[in-house]
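Q: If you're matching positions, the sequence shown starts at 231 in our numbering and goes up one per residue.
Possibly wrong hints are sitting among the right ones.
[Claimed, not checked] BS3-like, lysine-lysine: derived pairs with alpha carbons at most 30 Å apart:
| # | residue 1 | residue 2 |
| --- | --- | --- |
| 1 | Lys256 | Lys244 |
| 2 | Lys256 | Lys235 |
| 3 | Lys235 | Lys245 |
| 4 | Lys245 | Lys256 |
[As the list claims (entries may be wrong)] Across the chosen pairs, the derived CB separations fall in these ranges:
| # | residue 1 | residue 2 | range |
| --- | --- | --- | --- |
| 5 | Arg247 | Ile270 | 19 to 25 Å |
| 6 | Gln260 | Asn280 | 27 to 33 Å |
| 7 | Asn273 | Thr252 | 16 to 22 Å |
| 8 | Glu253 | Leu278 | 34 to 40 Å |
| 9 | Ile281 | Gly250 | 24 to 30 Å |
| 10 | Gln233 | Lys284 | 34 to 40 Å |
In short, the hints are calculated from the structure, not lab data. No residue lacks a Cβ here, since even glycine has one placed at the ideal position from N, Cα and C.
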Amino acid sequence: MNQEKIARINFLAKKSREEGLTEEEKQEQQLLRDEYRAAIRANLTATLDNIEFKES
């Protein structure tokens, strides 16, 4: 996920708190949030896949 999309998520969150969102903006916000969560899950999975346990 690139910085532009993260900035858009933050902008929509701020706008939602201050003045509310249109239906299109709500849908866009949900899609961006879903994409962000998927990226976090993929990153976490990759990190966990690279963990090796060593006995001392």
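Q: Hints first: check each against the structure and report whether it holds.
A: To see whether the hints hold, each was checked on the structure:
1. Lys256 - Lys244: Roughly 12 Å separates the two Cα atoms, so the pair holds.
2. Lys256 - Lys235: holds (15 Å)
3. Lys235 - Lys245: Holds, at about 15 Å.
4. Lys245 - Lys256: Roughly 11 Å between the alpha carbons, so the hint for lysine 245 and lysine 256 holds.
5. Arg247 - Ile270: 19 to 25 Å: Because 22 Å falls inside the window, the suggested range holds.
6. Gln260 - Asn280: 27 to 33 Å: holds (31 Å)
7. Asn273 - Thr252: 16 to 22 Å: Since the Cβ atoms of asparagine 273 and threonine 252 sit about 31 Å apart, the hinted range of 16 to 22 Å is violated.
8. Glu253 - Leu278: 34 to 40 Å: holds (38 Å)
9. Ile281 - Gly250: 24 to 30 Å: At 43 Å between Cβs, range violated.
10. Gln233 - Lys284: 34 to 40 Å: holds (36 Å)
Hints 7 and 9, counting from the list given before, are not met by this structure.
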